[in-house]
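J.: Listed below, chain by chain, are the residues.
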Amino acid sequence: MTGNMHLGVEEPIRECQYNQICTHNSSTMDTPHTKKKKIKRKWQVFPGRNKFYCNGRIMMAKQTGVFYLTVVLILVTSGLFFAFDCPFLASNLTPAIPAIGGVLFIFVMGMLLRASFSDPGVLPRATPEEAADIERQIDTANGPSGPGYRPPPRTREVLINGQTVKLKYCFTCKIFRPPRASHCSLCDNCVERFDHHCPWVGNCVGRRNYRFFYLFILSLSLLTIFIFAFVITHVILRSNRTGFLSALKDSPASVLEVVVCFFSIWSIVGLSGFHTYLISSNQTTNEDIKGSWSSKRGKGNYNPYSYGNLITNCCAALCGPLPPSLIDRRGFVQPDTPQPVAQTNGTGACPSNQVQSHMTYIDDEDCVNPSALMSLDSVSSAKAKHISR
Amino acid sequence: MATEFHNLQELRHSASLATKVFIQRDYSDGTICKFQTKFPAELDSRIERSLFEETVKTLNCCYAEAEKIGGQSYLEGCLACATAYIVFLCMETRYEKILKKISMYIQEQNEKIYAPRGLLLTDPIERGMRVIEISIFEDSGSTSSSSTGSPSSGTAQ
Chain A
0 MTGNMHLGVE EPIRECQYNQ ICTHNSSTMD TPHTKKKKIK RKWQVFPGRN
50 KFYCNGRIMM AKQTGVFYLT VVLILVTSGL FFAFDCPFLA SNLTPAIPAI
100 GGVLFIFVMG MLLRASFSDP GVLPRATPEE AADIERQIDT ANGPSGPGYR
150 PPPRTREVLI NGQTVKLKYC FTCKIFRPPR ASHCSLCDNC VERFDHHCPW
200 VGNCVGRRNY RFFYLFILSL SLLTIFIFAF VITHVILRSN RTGFLSALKD
250 SPASVLEVVV CFFSIWSIVG LSGFHTYLIS SNQTTNEDIK GSWSSKRGKG
300 NYNPYSYGNL ITNCCAALCG PLPPSLIDRR GFVQPDTPQP VAQTNGTGAC
350 PSNQVQSHMT YIDDEDCVNP SALMSLDSVS SAKAKHISR
Chain B
0 MATEFHNLQE LRHSASLATK VFIQRDYSDG TICKFQTKFP AELDSRIERS
50 LFEETVKTLN CCYAEAEKIG GQSYLEGCLA CATAYIVFLC METRYEKILK
100 KISMYIQEQN EKIYAPRGLL LTDPIERGMR VIEISIFEDS GSTSSSSTGS
150 PSSGTAQ
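Line by line, the protein sequences give chains A and B.
The first sequence begins at 0 in numbering that gives the first Met the number 0 and counts up by one.
The second sequence begins at 0 in numbering that gives the first Met the number 0 and counts up by one.
The shape of chain A in the complex, shown without the other chains (with noise of 0.2 Å):
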């Protein structure tokens, strides 16, 4: 009985246990002092080599530099048309055409923010039990290999449409990459039907962006042409009036703005047509590229993604369902999930200098040389010149 009093005095204690038990984990009542640990939402512990700005809202490649030139060539060349050439426009021709460069502007101005901003189409990394499972279907696979025999490359064959395509395995990611996925080196994430990595916009271009930088492009084309046509309308109705060394003088900027535009329409209409005709026959920069579906590569080779019919393929590129984003930035990180292992090759976690983000990224000091990818846009427009002879 001296048991009971022990309980006795005990049973507080003891039923506080079992409440405890009932309703909480029970590691809360191991340590009073719980370590408050900090909730992380996903883009902050993301693997890939992006940055994260407004809370995760926002998303880009690493370097940004070349959008920044981007933005300044657009708002400046604009800016400077709706202030000295659009005056002089409005009052002798219609109020119309600022009208309608204010349009165009704005239109070009949110698609290429669209273009930057938004996930590209980034496949999350395998998680480690998928990770495993795939590791072991493929040894099996494999078979049993001898010590120094290098196990061949990792790939899977599927029938689409009558075409034999290869998934290829990716090694950064742990996932057989679905087809028309690529992994982006720059940003080091594997992306959905990926289509290049552009500087200019500062992000992949793959399935979820591909219609606002084709938009971009077009809209911008349209704008560039608008602005250039309508400053030298500007300049010669001038030079009627006052003579043309005075006209200019009166309107220095138009100088600028007839420059800027006249390099730029080369390249962006010729990328406009270049990717008009890739949207029509229902492929990827990468694609065309590499030549996966050119007759040149056999007989029988063909794109069995293309709906066959030009309308079908431009309808199904650019009014298609948006399907929605697969990394889930903004959500939190459970704390019992194990995360997908991200590859370290360097050390030491280089602070942003973004004020916003908080995200730091490992810094991979054996990435590939980048140029080696901006010069996909060099080639692109190469061809689009090609094709536009």
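Honestly, the hints are just simulated from the structure, not real lab data.
Note that CB positions come from ideal geometry on N, CA and C, so glycine has one too.
Hints may be right or wrong, so weigh each one.
Unchecked claim - Using 20 Å as the maximum straight-line C-alpha spacing, the simulated SDA-like pairs for lysine to any residue come out as follows:
#1 B:K37 - A:R135
#2 A:K173 - B:E132
#3 A:K41 - B:E125
#4 B:K67 - A:I278
#5 A:K165 - B:E125
#6 B:K33 - A:I278
#7 B:K99 - A:G330
#8 B:K96 - A:K173
To be verified - Partial list, derived from the structure: chain A residues whose beta carbon lies under 8 Å from chain B:
#9 E129
#10 R179
#11 P303
#12 L321
Chain A is already provided as a structure; the job is to place chain B on it using the hints.
T.: For chain B alone, kept in the frame of chain A given last:
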């Protein structure tokens, strides 16, 4: 006393995770979202083949519906383009609506069919639409967790 504590705790978490099975994507129709209906061997003793196939086929239908290019998606796309995509700040896309439907369907399937058999489906959207993850639980305790309501019973020794 300490042993009782541990037993109650174990009884509460009577099922422990044994293994996970992954249903991979089926790319034979292109890049649309579709999962393989092949019945995995690990589930052989746990669930009837027909129930599993029914679940996967319904999911495939829902995803096909979401990615369908037709009248409604064109309308949505054109409206969005005309408003410079600002309309998506106020309204959900059709795809998102269907994803919500799918997540409710998976929850319902889990409650009715999979949980009673010690299985748990994970919504593919949480795995980047790569796989359907099925967690297989094994019963480690003999009784189920009926201890949640019973505090200080059995104190007499």
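J.: Determine for every hint whether it applies to the structure shown.
T.: Structure-based check of each hint:
Between K37 (chain B) and R135 (chain A) the CA atoms are separated by roughly 18 Å; this keeps the pair inside 20 Å, and the hint holds. Simply put, K173 (chain A) and E132 (chain B) have alpha-carbon atoms about 16 Å apart, close enough for the 20 Å limit, and the pair holds. With a C-alpha separation of about 12 Å, the suggested pairing of K41 (chain A) with E125 (chain B) holds against the 20 Å cut-off. A threshold of 20 Å between alpha carbons decides the hint, and for K67 (chain B) with I278 (chain A) the separation of about 18 Å falls inside it, so the pair holds.
Restraint check for K165 (chain A) and E125 (chain B): the C-alpha separation of about 26 Å exceeds 20 Å, so the hint is violated. The suggested pairing of K33 (chain B) with I278 (chain A) is violated, with an alpha-carbon distance near 24 Å, which exceeds 20 Å. Proposed proximity of K99 (chain B) and G330 (chain A) is supported: the alpha carbons are some 16 Å apart, at most 20 Å. Our distance criterion of 20 Å between C-alpha atoms is broken by K96 (chain B) and K173 (chain A), whose separation comes to about 30 Å.
The beta carbon of E129 (chain A) comes within 6 Å of a beta carbon in chain B, closer than 8 Å, and the hint placing it at the interface holds. With a cut of 8 Å, the hint placing R179 (chain A) at the interface with chain B holds, because the nearest CB-to-CB distance is about 6 Å. Annotation: interface hint on P303 (chain A) holds; nearest CB of chain B at approximately 7 Å, less than 8 Å. Interface hint status for L321 (chain A): upheld, as the beta-carbon distance to the closest one in chain B is roughly 6 Å, under 8 Å.
Taken one by one, the earlier hints fail for this structure at numbers 5, 6, 8, listed in ascending order.
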